[in-house]
Amino acid sequence: MKARAVTENSIQPTIPEVLIGPANHSMRSVFSDLWRYRELLLFLAWRDVKVRYKQTVLGAAWALLQPLLTMVIFSVIFGLLAGLPSEGIPYPIFTFAALLPWQLFSFALNMSSISLVADQNLISKVYFPRLVIPLSSVLAGILDFAISFVVLLAMMLILRWPFSWRLALVPVLVLLALATAMAVGLWLSALNVQYRDVRYTLPFITQFWMYATPIAYSSTLIPEKWMALYSLNPMVGVVEGFRWALLGKTEFAGVSLLISFLVVSVLLLGGLRYFQHVEDIFADVI
Amino acid sequence: MMGYRIKVENISKRYKLGARSASYQTIRERIMDSLTRPSRGLHQQRDTGEDFIWALRDVNFDVAHGEAVGIIGRNGAGKSTLLKILARITRPTQGSVRLRGRVGSLLEVGTGFHPELTGRENIYLNGAILGMTRVEIKARFDAIVDFAEIEQFLDTPVKRYSSGMYMRLAFAVAAHLEPEILLVDEVLAVGDHAFQKKCLGKMGEVAEGGRTVLFVSHNMGAINQLCPRSIWLERGSVRDDGQSATVIGHYLASNYRGEASIKFKPKPDKVAQFLRVRLLDASGRETAEFPCGVSPQVEIGFEIKQAVTGAHVACIVYSSSGTHLFSTADDDMDPSRRGLRNPGEYTARVSLPVEQLNVGTYHIAVGIGVPGIEVFDRQEALSFSIIDTGDFGTMKEAGRRQGLLLVQARWTYE
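The listed protein sequences correspond, in order, to chains V and F.
The first sequence lines up with residues 1 to 286 when you count with our numbering.
The second sequence lines up with residues 287 to 700 when you count with our numbering.
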């Protein structure tokens, strides 16, 4: 009876009329739609988090092990064997501070790129703004990041590395990494609906992108004349920013960050436009 | 201005042929396509008529506040496309729809259920997917659990549920959505009989509560019972729209043309499907006319493409007015048929025990599926006539008796 009362009341006031036509999209309606479906957005992100490490023995420990193991491998190969310079920072934290934003980014990028196809039964059965799907899978990576971030802080404590006010920049950098993943994820997820080739190119994109980002090495290794081109990769600014915020020592990568910000803005706006353009046919071709 | 909940104006929906079933192309295929058929790329916009199929064509109707409307029509008539457009899953190619109120769709129950999550978690997730807010789900949570009868399994992952429990939970969430406009597509085909009755009751409640219901089904009995009005779609257009009993009568009559055999087009994506149905007399001759007191033989050819267990093949008989007379299934008398069935072509034969059926026309539908879980294929197949042969045994003027049955009862005197 209580349940009935809820809906009975909601019918009475002015009933909004929905018009379904061949096509009607404006940027504003995108954001108001997203806002209306914010609960679904959070529910889907929660589902992804909840399901991720189900039926694994180690569970959420994987969130830690992945960056830690990569750090060990990098430290041995690039730090010890190759002897890459790490600007006076112990190589393990030097690379771990870069791996954190990188893994956040690559995870978000991979999950969002395959998200629409993974949720194809939702797309062909229920209406909601399709943007919710890639966006929720980008958000789902934040928890993993938070866990490994705590570990990094612990490592810094153990190594008696000083903390500074620069840590305040971390949230901004996290947002920038997520925005980068979202921008590219929008393009790739929509393309993947029509062309499943995307799934097979993703590992290469991720791998190539990682080497084009100063994770195992320092960006000081890049010759000055290539620096402008190099900085077009938005993750360069993010990763350099992370090292600066957490470890100091390196110079503040203001220019790289500005370029990152501009590149991401352009990619994101373009991605949104493209996504909107093709989302009408998702249900028909998926 | 006031009055309608749904106003469908001239909608048409065009699909690219193959786009629906062949799901996706790889980029290579797309490139090869444009290489082998270079003219295509230039004229892609032009509709030559051969590459497209109109799933809907100039459909118009209004549905008023509180009305329950049945949508009937053959497979491929555009019923599901229509619901998909109303549910905003896909857009019409032309025309528009005006909707007043929140739309809830039960196009398939259990959408978005995640096998790893528990029943409790899935109620919240599924509710959110169907458009409920967390507050609303919380308010209805107990009612949902009650309806689904799964209380002690609330914290078990749904992958451990029996399929019956899964379906009950899925339907329960959807049934408590309580939107102003409810779109339902065949979901009543799930669950055991008691649960189906409960679902029908729930839908009746929804309609009586002043909400608008659009109900797509092959179950004419259910449509007749729930919906005072029906719309009959044929090849994407509205063929008839009016009182359910009348529309259903027209529909059933048109479906059956007095033929004694029918073949069905192969559909590649089905687990099992019908190939043909034939009506035979006792000597094996094809006929659609049988004298009183004779049992028509129905021969059903079907193909199983993936090994299945628990499936059965059923034959349903309707009167000319759509009254469901009876159904019979191949496992009724032989439970061993519920075991594994391997891929291959099968021919089943059933003799319909209708010796007592009165003169008239009757319709047969055939279905194959796992009862309560999934329908693989269903076809409105054929019709047969019981004809008046003058006298029936010693019975005078048998063909002029009233009633559905023609019985020979023994009378005694003291």
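Keep in mind the hints are simulated off the structure, nothing from the lab.
Hints are supplied without guarantee of correctness; some may be wrong.
Unchecked claim - Straight-line C-alpha distance at most 30 Å; calculated DSS-like pairs for lysine-lysine: (1) 551(F) with 591(F); (2) 445(F) with 54(V); (3) 549(F) with 483(F); (4) 445(F) with 556(F); (5) 54(V) with 424(F); (6) 549(F) with 591(F); (7) 488(F) with 553(F); (8) 549(F) with 488(F); (9) 591(F) with 50(V); (10) 302(F) with 483(F); (11) 445(F) with 50(V); (12) 293(F) with 488(F).
Pairwise hint evaluation, residue 591(F) against residue 551(F), where the allowed Cα distance is 30 Å at most
holds (15 Å)
Could you grab the alpha-carbon distance between residue 549(F) and residue 483(F) and see if it respects the 30 Å cut-off?
violated (33 Å)
Holds or violated: residue 54(V) to residue 424(F), with C-alpha atoms at most 30 Å apart
holds (25 Å)
Given the proposed pairing of residue 488(F) with residue 553(F), does the C-alpha separation stay at or below 30 Å?
violated (34 Å)
Can the restraint linking residue 302(F) and residue 483(F) be considered satisfied, given a maximum Cα separation of 30 Å?
violated (39 Å)
Is the Cα-Cα distance between residue 549(F) and residue 591(F) 30 Å or less?
Within the cut-off at roughly 18 Å; holds.
Quickly compare the C-alpha distance for residue 549(F) and residue 488(F) to 30 Å and report which way the hint goes.
violated (37 Å)
Straight-line alpha-carbon gap residue 445(F) to residue 556(F), limit 30 Å:
Roughly 24 Å between the alpha carbons, so the hint for residue 445(F) and residue 556(F) holds.
Could you grab the alpha-carbon distance between residue 591(F) and residue 50(V) and see if it respects the 30 Å cut-off?
Answer violated: residue 591(F) to residue 50(V) is near 36 Å, above 30 Å.
Is residue 293(F) within 30 Å of residue 488(F), Cα to Cα?
holds (25 Å)
Check whether the Cα positions of residue 445(F) and residue 54(V) lie no farther apart than 30 Å.
Holds. Residue 445(F) to residue 54(V) sits at ~12 Å (cutoff 30 Å).
Is residue 445(F) close enough to residue 50(V), meaning Cα to Cα at most 30 Å?
holds (15 Å)
Hints 3, 7, 8, 9 and 10 from the list above are not met by this structure, while the remaining hints are.
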